[in-house]
Structures are given as C-alpha cells and as structure tokens.
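Trainee: Throw the hints in and build the complete structure from the sequences for me.
Chains as they are written, first to last, in the UniProt record's numbering: chain A, 1 to 528; chain B, 1 to 528.
You may find that some hints are simply not true.
What the hints assert, rightly or not - Partial list, computed: chain B residues near chain A (C-beta under 10 Å):
{"hint": "1", "residue": "G188"}
{"hint": "2", "residue": "C219"}
{"hint": "3", "residue": "D250"}
{"hint": "4", "residue": "L319"}
{"hint": "5", "residue": "Y399"}
{"hint": "6", "residue": "E411"}
{"hint": "7", "residue": "V470"}
{"hint": "8", "residue": "E507"}
Claimed, not checked - Mimicking DSSO-like on lysine-lysine, the simulated pairs with C-alpha atoms at most 30 Å apart in a straight line are:
{"hint": "9", "chain 1": "B", "residue 1": "K314", "chain 2": "B", "residue 2": "K372"}
{"hint": "10", "chain 1": "A", "residue 1": "K36", "chain 2": "B", "residue 2": "K370"}
{"hint": "11", "chain 1": "A", "residue 1": "K372", "chain 2": "A", "residue 2": "K424"}
{"hint": "12", "chain 1": "A", "residue 1": "K77", "chain 2": "A", "residue 2": "K36"}
{"hint": "13", "chain 1": "A", "residue 1": "K36", "chain 2": "B", "residue 2": "K261"}
{"hint": "14", "chain 1": "B", "residue 1": "K261", "chain 2": "A", "residue 2": "K261"}
In short, the hints are calculated from the structure, not lab data.
Remember, predicted model here, so these are calculated numbers, not experimental data.
All residues carry an ideal CB built from backbone N, CA and C; glycine is no exception.
2 protein chains.
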Amino acid sequence: MTAIPTCPEEFHIFDTSLRDGAQQEGLRLTVADKLKIAVYLDELGVTFIEGGWPGASPSDTQFFAEAAQVLDLRTSKLVAFGATRRPGGSASTDVLTRALVDAGTDYVCIVAKSHDEHVIRALRTTLEENLEMIRDTVTFLINEGKHVFVDCEHFFDGYRANPAYALSVVRTASEAGAEVVVLCDTNGGMLPSWMGDIVSAAAQTGANLGVHCHNDTACAVANTMAAVEAGVMHVQGTFNGYGERTGNADLSALIPNLQLKFGWELLPPERLSEITRVAHAIALVAHQPLLGRQPYVGQSSFAHKAGLHASAIKVDPNLYQHIDPALVGNDLRMLISDMAGRANIQIKGEQLGIDLSDRELAARITDKVKAKEAEGYSYESSDASFEMLLRQELGILDYPIQVHSWRVLSEERDGDTITEATVKLTAKGERQMVVGEGNGPVNALDMALRKAVATAYPEVAEFELTDYRVRILDEGHGTDATVRTLIDTSWRGETWTTVGVGTNVIEASWEALLDAIVYGIFTHIASD
Amino acid sequence: MTAIPTCPEEFHIFDTSLRDGAQQEGLRLTVADKLKIAVYLDELGVTFIEGGWPGASPSDTQFFAEAAQVLDLRTSKLVAFGATRRPGGSASTDVLTRALVDAGTDYVCIVAKSHDEHVIRALRTTLEENLEMIRDTVTFLINEGKHVFVDCEHFFDGYRANPAYALSVVRTASEAGAEVVVLCDTNGGMLPSWMGDIVSAAAQTGANLGVHCHNDTACAVANTMAAVEAGVMHVQGTFNGYGERTGNADLSALIPNLQLKFGWELLPPERLSEITRVAHAIALVAHQPLLGRQPYVGQSSFAHKAGLHASAIKVDPNLYQHIDPALVGNDLRMLISDMAGRANIQIKGEQLGIDLSDRELAARITDKVKAKEAEGYSYESSDASFEMLLRQELGILDYPIQVHSWRVLSEERDGDTITEATVKLTAKGERQMVVGEGNGPVNALDMALRKAVATAYPEVAEFELTDYRVRILDEGHGTDATVRTLIDTSWRGETWTTVGVGTNVIEASWEALLDAIVYGIFTHIASD
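Mentor: Okay, here's the thing in structure tokens:
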C-alpha cells in the first residue's frame, strides 16, 4: 500500500531556479544574485544548475561569462538553456545555437516542441521539419562537445492530442544523442493519476526520461513524484517553487520527499539538513518572503499552536510530526508557549556566551523580547540588536558615543537631487559636528555618522553598510504606518544585522544605523 | 490514460477555514472576521462550513451564538467541531459534548483517535474504551437530533501501523450512525500513490468516506484528489490552504480541479467564476497576502512573462494556458519585462485600448521598455507607469502639472523625529507652494504634493497611497546603490501602481509619487 520505487542508478536533481524560476512575476535576478544562488545550490549539491538562456537576454549571456570566471562549483554542473534552431535554417549558423555553444558549459538543455498543434500554429512549420530541427540541433551540439538534454514542451498535452507524434519527438531526440529527454507539463494542467501511463508510454522509446512540472493544479510536486514512480531519472524544479505563472515543482519539498519518503540517498544526510538554510538564503537573494507554511523549510512547518497537540507532543514529538525536522535543518516550534520562549532565549544566550540559566533573568528577558516584538522589532534575523538588548538588560552595555542631534535634507536643485545629513555627537570626550552627503537620507546619515565617530574610532570608517531592508508592518496604510528596517554591516569579513522600528522610516533607520556602529565598536574594536 | 471518475450522487465540499485554517501561525480571526468569511463561503456555495470548537475556546462559543442570530446561510450548512467524550465518562454529561449540542447547528463533526499508539500513549486509555467513546458520543449526538460526521485522526498513519484497529474505528463510527467517516492525514506525511489502497480498504467497511489532508509533503490537493479517485464523497479543506503547520488542502485549487479537470458540476458555473474574488476576499479578512502564484486564483496564475510564450498567445491564448481563466474569474495577464518581446507589448496595448499593431512602433516601444528595465524600472507590476510610457512614446501624454522644485527635511528635535516637505508646482495655471508633514520623507512629500495639486483637482485629496515598496537593485552596495520604488495608489475602489528608479531613494519615490498623481488625474478625473 505504500509502494516505494527503487532509485535509478543515475538520478538527476536539475534546478532551474535561475532560468524558469526567474520567469516568476516580480522576481528579478541580477547577475550577482544568480551567482550567489548558484553557490548555495552547489553547497546543497543539486546535480545540475540551469543558469539561463544565453543570447536571448544580455544579462543571461553575461551570467555565463562571469560564471566561467568566478564560479568554482564543487558538486553541481552548470547548464545553459536554449532552443532548437529556427525552421528552415541550420544549427551551425543559428545565432542562438551559437550563443549556446559560446556559453562555455559542458551541459546544454534545449527546448523542442512536441505538441503537433504548437508546431503547426505557433512555430508555423511542418511536423517533419520540427523533428529535423531537433536532430540537427542535438547533433550539432554534440559535435561541439556538449552533453545535451532536450525539454519536450507541452509533452503531456501533446501526447493526449497526438500520441504518435509526441513519442516520435522523444524518439528523435534520444536517437540523435540527447542524454535525457524531459517531458514537460508546460501549461501545468496535469493530475498525478494521469502521469503514469503517459510516462510509461514514453519510456517504451528507450530514452532516458526526465520530468518538468508546473503547479497550475497545485500538483507540481505530486505530478513529479508520480513521474518518478513511473521511472523518470531526472527531475526539474526550482527552489521555493518559483516560476512562470503558478511556479515550478518546489525542490525544497521534492528533494526531502524523495530522500525521506522513498529513502533515496540523493544528498548526504548532512547536506539535506542544510536545505532549510539554503531555501531561506535563496529567498533572501531573490527578495521574496518565504511562505511560513512552505513544506519542510517554512518557519511554521513544524510549529504547533498550543492545545490538543501540545500534550501529545510532551509525550513524544513524533506523534504530531511526519518527520524529524532536524533532518531538513528545521525545528519543532511551540507557539504561545512561555516555556518554549524561555528555552529559546537561554539557547541563544548560550550561543553568545552569556549565561542565562537563571530562570528569573531568562523570564524577564523573554518578557522584554515579547514586548519589543509586539512593537515591531524582530530579533530572529538581527542577532546584533538582540545581543545589545541582552547586554542592556544585564547592565553591561557601555555606549561609546553620545548623540546630540541629527537631521537630513533632500531637495531637487536644478534637476539634481541632493541629500545632506548633519550629525552632532560626542565620542571619547570630543564633540563632533559633521555633514555627509549621500544617495538618499539613510546613506547620508550613515556617511555623516561614520565620519563623526571615526575621529575617535578610525576603524569605523571601514564599516560598510551592505544591506538595507524596509518592511511596512501594518500593510494597507501606505507610508503612514509602522516600519521596521534591518541593516547589515560588514567589516573585515564579519557581518552583523541590526533592527530599528518607528512610524518614521528615517527614525527607524537611524536606530538601526546607530546600533550597527555601536555593536561594531564594542564587539570588534577593543574599547579603552 | 486520463481516467475521470464519476461524481458520487452526494458529494460534500467541507470548508474548515474557520476551524483548522485558524490554526495557522500568524492567522487570527475575530468573531466578526469569521462571520464575514462564512458569508463569502455561502455565496460561493460550499456544502459545509465548520465554524470552530464551541466550549474549547470562548470566541468559538461566541461565534456560534452570534451565527445563530445574524447568519442567514442560503446554500451552506454550518458545522460545529468537537471531540469524542473523555475516557471513562459519559457523552451525556461531558462538558464539551454538551457545548457541542448547545452550539445549535444541525451538523456536528467530532474527532476520534484511530491510531492505536495515540490511543494508548496520548489518550492513555484502552483500544476498546476508545471505540466505546465513539459509539457513545455519536449515539448521544444523534439522539440530540444532530447529523454527525467523525474525523478519524491520524487514520493513514494508524492504518499503516495497525490496519485492523484503524478499520474498526471506521466501522464503529459508521455503525453508530456517523453519516460520513473522514480519513485524516493529520501529520500530512502521505503521498498520492499511497492513498488509493488505504481508502479502498476503508471503503470495505461500507461507511461513507471523507478525506482531510495537510500539505507537509506539498501534496495536500493531490492526496485529496487521489482519495476522491478512490471513492470518497466528502473533501475537507480550507481557502487559500490556511491551516496548522503547512496548511490544509486548498479549496481554491481543489474545487476547480474537481469541476474543470473531472467535469463535475459541484458549483453552478457562474458561482465557480466567483472563486477568485472569494479567495481574495477571504485573504483580505484574514489579513494574509494572497500568494501571486496561488493556483487558479493568484494574480500571477495566468500571467506570462516569456517572449516565447507571448508570440504563441497572440496566435491562441489556449496554447499556453491549461484552462480559460474566466472560468474561475481570473484573467490572462501579459507581463512587460526585459524578457518580453514585441508580442507582449502588443497584447498589453490592446488591453489598454491602444493600437500597437504597427510593427515598427511596437518594436520601438519594446526597445524603450528594455532600456528602461535595464536602468532598473519594472513594468510587470506597474501597469500605470507602463501606460504613461506608452502615451509618452505616442505623444498623447499631457502633463496636467508642472513641478518647479521640492525638498524634504528630517531631523531629531528634543527626542522627536520631524519630517517636513515643501513642494512648488503649477496646476491649471496657478502656482502653488505647499508644506506637508509626515512619518517619513515619502509620506511628507506625498502629503505636500497632494495638497498642492488638490487646489486644481480636488479629487486628488482622496487619493490614498496604499502600498510602498523599496527594492535595492545592486545588493552588496548598501544604501549607495540604485533603488526601485513601487507605489500603489487607491481611489474609489480602483488601484494603480507606479514605479520610480534612481540612485537616490527619495528621487525614485518622488518619480513614482508624481506618476501616481498624474496617472490618476488623466485616467480617472475628466481633464478640462
């Protein structure tokens, strides 16, 4: 009743976050973003990373050029995406096919049409010419030394409309030398119970098969699992399910499903336990909030609201969880549980080398944290501010600077926008009054603040504000709402995060800026 | 290969958004919220609405009391949730069973344990007493005039551990008179291919079966579909997939799947086409942003970004969509981005009522869009700015206001942060010089700008800035980087989005603010 298929000898996890994932509305990845994400994927150890479509978009071309220079992948292999050559042409002279070769990857994946109606109406060519395009393009790329995968676009719809033609596309690609022929549910309309027979029919061609699913029926992961059960040896997906329309099969769920439900060791267990971290890191770079209830990796995925479940969990957590969350690097979380709260604080204190084993002290700090979080502060992503709060409560926070006042002015003068900040403070007994310019009020304040502090603490001039995030907390109120700002500051390879909250975004930013400088001084610069 | 099961004569859509949905972390529903959501669900026409657990939480008790007074459901039936009586007691004297009766609904749904280990370790009673608790509670409730459903908690895990006992629970509930016995995947660890055999085994008892799935393997909808294919006549789920941990089966995907993929007419077609509106309305009440890529009902679910897709969509939209989006009340949307081709631009122009069939014109605008996107603009989520760009290129954009200068100042004075903006402009021939205060520079500029324009166009005073988003484009450069701001402006039920880009965040915000006002004037206020 719980059939477990055997893992094929060769099995590919093919990540297309950087290509199909980037098709998601609102998701824009710069070349630098893509390089960062590729490093995370390689750390996790997916088999393939599809990087983009060289030649079709200038930034994708640039990605492959930079990747060749700076990416040093240890586990994963980079893949360039492309298409079959144009009808009536030749793969050897096609501009896009050329760009694919020039991308310099060992692996390429090309999309081919496999639905007869699409060949005729969208591609406006004959069914035979489409097969010839596949043959010609695959052969050409192999002759150029590439390993070739072929994505059969609209394969499932195509098979339902004209099975013989859809299968002839698979056969043609495989016979021309494609190492994997990928069956794509491009429009995403399939259901799991419809997958098996079609995949089995395609397997009759003898091709190595892969699958590529979209989530239009909320079944992308399930459809992929069904194809795996029917014998595919290559699964395509994206992290966090990013992708065109409803997104692609979510690898952050698919990989744990295959590894923990089927017992296939696709990743070493110590890598699988990095998947929550990797999913969150990718979400951060993609600037997409990660859904709390995202399977396996979401913040709420192993969270229990107190009640019916709580007493059973005290008996044995496994009574109310389908896997041990540590396997995927996630945690069981008890919500609205005072004990869990205090335990969290104690564990964090331990990590910072501050003893909080005193129950009363830990309870007082827990209350303080809860009160601040209710105001809008968030400490789970700003350890530096949490440490400042801890030290303040323990009476061991010595402010190395005293701020008297600050102000910042932006104006348009003759078509140029100019922003200037003035900061007055005292550091090491000396009063400073400094003006800074910047590309916005926060930048100008940061410049002025660091200049003012640097007289007393010269290292502060090297501090760099590396990230600045603003979150409006009561949405629907526009600019007239409480805001939270998070600031990342880096210095000599260390990075720390501080948080500020206020109804005025400049005030919230100032708080985070000041904490960033103060934290940097007392943790990284010997005070005297 | 695409097996379509036949719809049972009686089939229930059982919504538990108000009960299990409310278990989601961060989701808090007041009694008023629940009443509003119940009205939406009734408008759509689900069979049952589970309202909460009377007696277990005071606000749930209050909900049923108020529902009895004010809710006038036309299609759906309200259900009160409860549990089997305590071990060793009697249903007739159990406080919670009593509260269930007092809730005053015709239908009740009680949870019973069906996993032997849970009976022994969590409930701390015998397997036989658990069966007796079910018999006693169901019989008592029927004698009180109720229709009774029984949720078998952990049924699938229980069946895998001890099939005979799990089936005896189903049999006991059914024989005692439960009208539906609901098989629950409480921990959410099932896969679709594991459902069929277990559901079929349960069906051997002769009970009417239902299913209740969670999304811990990203398969809640697929598991529910698999159970339906195996013969259940009752599906439980929540709107937008809200629920404990990873959430429940998402009815906003499940209902369209059953109706459009299986062809079952569960709702009249004109009601199904309300499902997108209902899903969004529920999200609004629940104060949960609706994920853009949510199947069927998400804003991105029928949105196309790739140029490859757009050219085929010009031939026939059905080539790249799995259903007609109008069936669920959603729309095809063309996204304008640097991946867009001429076809995207032409379709978008058509939607705006602007003729771009001229190839040269369309190509020129495509180039312009790509150049602006390279600078950092993003038109896929800012239709208003795209329309302004179009009108500018076509020479049909008449600026109703001329800005001379603006400036904004933030400063800390005696511990308070004050932000003031000054705007000078001419509208309808009159020069205005206005000062505004705000909770940050953008808020202050918005205030001053609208005040200055409102003398000439009084409706502008009612414009509301409802969302403001900032994205730093070259991360790793901190505040010293290009930023993009997106602003949503609302007026009398219409919302439009504008974009601004600059190295100075205030300059970028000003651009988006000004465009928002100008767009609002020329599209919504008759110009003279």
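Trainee: Does each hint fit the structure? Answer for all of them.
Mentor: Hint check results:
Satisfaction of the interface hint for G188/B is found here, the shortest Cβ-Cβ separation to chain A being roughly 6 Å, below the 10 Å cut-off. Among the interface hints, the one on C219/B holds; its C-beta lies about 5 Å from the nearest C-beta in chain A, closer than the 10 Å criterion. Interface restraint check: D250/B against chain A, minimum CB-CB distance 6 Å, threshold 10 Å, status holds. Interface hint status for L319/B: upheld, as the beta-carbon distance to the closest one in chain A is roughly 6 Å, under 10 Å.
Proximity of Y399/B to chain A is violated relative to the hint, the smallest CB-CB distance being about 16 Å (cut-off 10 Å). Checking E411/B against chain A by beta carbon gives a least distance of about 3 Å; that is within 10 Å, so the hint holds. Proximity of V470/B to chain A holds as hinted, the smallest CB-CB distance being about 5 Å (cut-off 10 Å). For the restraint placing E507/B at the interface with chain A, the shortest Cβ-Cβ distance is roughly 4 Å, inside the 10 Å limit, so the hint holds.
The hinted pair formed by K314/B and K372/B meets the criterion: a straight-line CA distance of about 24 Å does not exceed 30 Å. As the CA atoms of K36/A and K370/B are separated by approximately 24 Å, the hinted pair is consistent with the 30 Å bound. Proposed proximity of K372/A and K424/A is supported: the alpha carbons are some 28 Å apart, at most 30 Å. Between K77/A and K36/A, the direct Cα distance comes to roughly 15 Å. Compliance with the 30 Å bound is thereby established for this hinted pair.
About 40 Å separates the Cα atoms of K36/A and K261/B, which puts this hinted pair outside 30 Å; it is violated. As the CA atoms of K261/B and K261/A are separated by approximately 28 Å, the hinted pair is consistent with the 30 Å bound.
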